[in-house]
Amino acid sequence: MSLNERVQEELEALEAILMDDISIIYNENGCPELVKSTIFPSTANEVDKQYVCVTLEAKLPDGYPDCEPIVQLRNPRGLDDSTINNLYEAIKEKCSEFLGQPVIFELIEIIRESLTESNLPTCQCAVCLYGFSDGDSFTKTKCFHYFHSYCLANHLITTKRHFQEEQDKLPAWQKSTKGFQASCPVCREHINCDVEELSSAAPPKELENAQNFEVTSDLRHLQERMKQLFTYQKSRGGIIDIEAEENKLLLITESNGDTPPADNTEDPGPSLSNINESVMGDGLLSRGQRYNNCRLNSSGR
Amino acid sequence: MAALPRRIIKETQRLMQEPVPGISAVPDDSNARYFHVIVTGPEDSPFEGGLFKLELFLPEDYPMSAPKVRFITKIYHPNIDRLGRICLDILKDKWSPALQIRTVLLSIQALLSAPNPDDPLANDVAELWKVNESEAIRNAKEWTRRYAMGN
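Here the protein sequences line up with chains A and B, keeping their order.
Under numbering that gives the first Met the number 0, the first residue of the first sequence is numbered 0, with each subsequent residue one higher.
Under numbering that gives the first Met the number 0, the first residue of the second sequence is numbered 0, with each subsequent residue one higher.
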C-alpha cells in the first residue's frame, strides 16, 4: 500500500468514528494537508458538564506517517499554560512512539483523556481574578468562559441595574425597545443565565481568607517619584488646575476675559471626600454640564 | 472603610511585580483605592517623550463599575478635555469586569497613539485636528514639551 493510500485509509477511519467532529483540509492537488478537531472531555454526552476544550490542528507533511505531523493546540478554554505544555509533551512522545503508523486518533485520545481527568477549569475567574477550588460553584458560558457563579451573578445584577438607570435618564422616544441583554464579561457574546440560581451560590473559597494590603519599600519609592514629577510639572505650569479652568469657562460667557490662574500647589488629594467633591465625582460632572453650556453659548455668538 | 477587596490587592501586587512597560500605577498611602499613575507618551506619536500624570479611583463597587480616570498633566488631544476627562467607551457603557487597571491604562495609552477627532470631547482641539492635522500635531508636541517633561 502506498503512503498516500495509508493516509487516505487513516482519514476515512477518522471520519467514520468522529463524523462532524473532524474536518480535513485538502490542498489544490487534492492531497490532505490539515486535520482539525475540537476535543471535549468525555462526559457521556452531557454537554453541560464539559468545562474545558481545545482544538487540535495536525499538519500532515509529505511523507506522513513516516515523518511526524506538526501539531498545534488552538483556542484552549478553561486550560492554563502548564496544562497545555503538559499536553504538548505527551503529544511529542506519542508522535515519536508511533512514527511510521497512523497517529492522529491516538493524539485525539490522549488529549480527551487528559481533559476528562481535569475537567475543572485551571484558569482564573475573570471577575475576581482567583482560581476555582473544589467545591466552588462555577458557570461555563456558551462561549466557554468561566466564572464563579457568585461573581457572574454580581455582574449580571449590576449591568442590569446600570442599564435600567441609563434608560430612566432618557426621554421616552430614545428608550431601548429591546430590553436588557446580558453579555459575557470576557467576549461580550450574549448570554442567558438564571440570575436567581446563580446568586444563591457561596462566594469563591479563595476570596475568604482576605489578606491585608501592605505598603512595601518599592511602593514608597514609586510614590516618592510620583510626588517629584507632580511638583516638577506643577512648577512648569503643566498641571491642570480644575478651579482655574472652571473660572475661565464661566468667564467665556460673561466677558471673554482671561482669568488669573488660581494658586493650587497641593497634589490633588487622595482623601475620599476630596475625590467625590472636587475631582472625580458628581462635582466634576456638573462642571462638565456647565462647560458644555458655555461652549454652546460662546459659539452661538 | 470596608476591607479592601482581594481583587484590588491582587491587581496592585501584579502591577508592582510585573509592571506594564511605559505605565506605572501606585496606590496612595492613605487610600488604596486611589492610584497615582504615569503613562509615557507612545513612540511615533506627538506625545512621545512625555510623562503624563493621571489619577485613577476605584469606586465602591469596582470591578462591577468602571474606574474613574482623569489626566492631571495638561495634554492636547481631541478626546481629552481641559479638565483632563477622557472620552473612552470602556470607561463608560463598554466597561466589563474582565477589564483591569492595567488594561484600562493600556487603552488610554493606545488612545494617545490613535486620536479620534470624530468623537471629540475637546471641541476646539478636534476641530483643528480635522481641518489642519499638521498644526494640531505641532500643538500636541509643543504641549508635551512644555508641560509633560520629567525632571
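Since the hints were made in silico from the structure, they are not lab data.
A couple of the hints might just be wrong.
[What the hints assert, rightly or not] A few chain B positions that, by computed beta-carbon distances, are all more than 10 Å from chain A: (1) GLU10; (2) PRO20; (3) GLU42; (4) ILE71; (5) GLN99; (6) ASN115; (7) ASN138; (8) GLU141.
[As the list claims (entries may be wrong)] With a cut-off of at most 30 Å between alpha-carbon atoms, the simulated DSSO-like pairs for lysine-lysine come out as follows: (9) LYS177/A with LYS9/B; (10) LYS139/A with LYS140/B; (11) LYS140/B with LYS141/A; (12) LYS9/B with LYS247/A; (13) LYS140/B with LYS159/A.
[As the list claims (entries may be wrong)] Covered by chain B, according to a simulated footprint, are these stretches of chain A (three or more residues, beta-carbon under 8 Å): (14) 24-37; (15) 121-134.
Heads up, the beta-carbon is just placed ideally off N, CA and C, and yes, glycines get one too.
Hints breached by this structure: Of the numbered hints, 1, 4, 5, 9, 10, 11, 12, 13 and 14 do not hold.
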